[in-house]
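Enquirer: Going line by line, the protein sequences match chains A and B. Letter 137 of the first sequence, counting from 1, is numbered 137 in this note's numbering, and no numbers are missing. Letter 161 of the second sequence, counting from 1, is numbered 161 in this note's numbering, and no numbers are missing.
Bear in mind the hints are in silico, worked out from the structure with no lab data behind them. Treat the hints with caution; some may be incorrect.
Below, in silico cross-link-like pairs of lysine to aspartate or glutamate (EDC-like), each with a Cα-Cα straight-line distance of 16 Å or less [said to hold, decoys possible]:
no.: 1; chain 1: A; residue 1: K154; chain 2: B; residue 2: D8
no.: 2; chain 1: A; residue 1: K154; chain 2: B; residue 2: E5
no.: 3; chain 1: A; residue 1: K58; chain 2: A; residue 2: D111
no.: 4; chain 1: A; residue 1: K58; chain 2: B; residue 2: D116
no.: 5; chain 1: A; residue 1: K154; chain 2: B; residue 2: E4
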Amino acid sequence: MTGTVSALKFSFALMLLLIASSRFFAPVTFAGVGEVETASALADAEGALVSAYQAVLKAEEAGANVSGLLARLNEAGGFLAQARMAYRLGYFDEAASFADSSRNIGGEVQDAALELKDAAVSEGWQSTMLTMVASVVGVAVIAIGSLWTWHFLKRRYGGGGFPRSESAS
Amino acid sequence: MRVEEYRDWFMVGSLALMLAAATPTLALFVHLPSGSESFSELWLLGPGHKAEGYPFNVTVNGDYRVYVGVGNRLGYSAYYRVYVKFRNQTQPLPVDSNSTPSPLPPLYEFDFFVRDGEVWESLLNFRVLGVERSNDSMTVNSLSINGVAFGVNSTSLWDAEKNGFYYQLFFELWLYNMTSQGFQYHSRHVRMWLNVTA
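Bound-form chain A, shown alone (with noise of 0.2 Å):
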């Protein structure tokens, strides 16, 4: 029973010298914290930018008009490096701030470019379908035509040539 009672009390003593310590350790936790979370942030960013870089190309290449999408990339663009620029001075809290608004608009960016994309895709499908219709019937209209035109010359003027005029015979 003493033995449960001296434990008590050693375990509410180190309980309040915890809670004491806590308040000399804790800015310089918070302080550490700050700046790794700020740079994991923008860490973020730019991976956000990136993605969102190669989410655009992607619809370029697929045939879709980006230039609303890169005016928005480079607003993020502006804020990364406002973001990167704070970091670098120590500002943190700024440099975090800058790096979610960089962020976000990424993530907007790419989820735009991805649907700008795949309706690029499917106008192309559509486009390119056309083109080799309309090609294929060119060619077969032209092949036919060719042919039948052929056959009618013969069978016109196959035995006796093409019929002159009447002041050159």
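Guided by the hints, dock chain B onto chain A, whose structure is given.
Expert: What follows is chain B alone, placed relative to chain A:
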């Protein structure tokens, strides 16, 4: 004259027409090289938006401005970064011939995207905030670029030939490389001399 004598001409004409009809489809699958060179442009213009009147004699707390621009002729939309750096006469510049950027840390930077065939341009305001001068040397303590203050602590010795304390503000162009998944120095930089006076 018999019609059979024209058979070859008739066939050539028919094939030419068929080729013309098939050209739109062939163009979908056959891509001829454009033959044009791909490159990027980097330029610096003075406050009048011309290649003249660049800031040269710079006083402490004086406001100066230049325009920095980039043109994209790479054949695709590019992701660029421009680093603004500051050096004295002895600190290293980038070496474009072997794609080596200056090891000096960047002060200001721009991140931007440019479509193929288009250009990007931005105004850059700068101001020398504080200097310390002795007889034969001057130290620029801090510099403000577009309203952001940067500590530079760069010391220049008196140039007896040109009568001044000379520094350079220079701009490096970097390009995002999809293959290496990172920015690489794009072997282009522009710079301007500054004669800082207290």
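Enquirer: Determine for every hint whether it applies to the structure shown.
Expert: Evaluation of the provided hints:
Using a Cα cut-off of 16 Å, the hinted pair A/K154 and B/D8 holds, with the two alpha carbons roughly 14 Å apart. Restraint check: the Cα-Cα separation between A/K154 and B/E5 comes to about 11 Å, which is no more than 16 Å; the hinted pair holds. With a C-alpha separation of about 12 Å, the suggested pair A/K58 and A/D111 falls inside the 16 Å cut-off, and the hint holds. Of the supplied pair hints, the one linking A/K58 and B/D116 holds, its CA atoms being roughly 14 Å apart against a limit of 16 Å.
Simply put, A/K154 and B/E4 have alpha-carbon atoms about 7 Å apart, close enough for the 16 Å limit, and the pair holds.
When each numbered hint is compared with the structure, no violation occurs for any of them.
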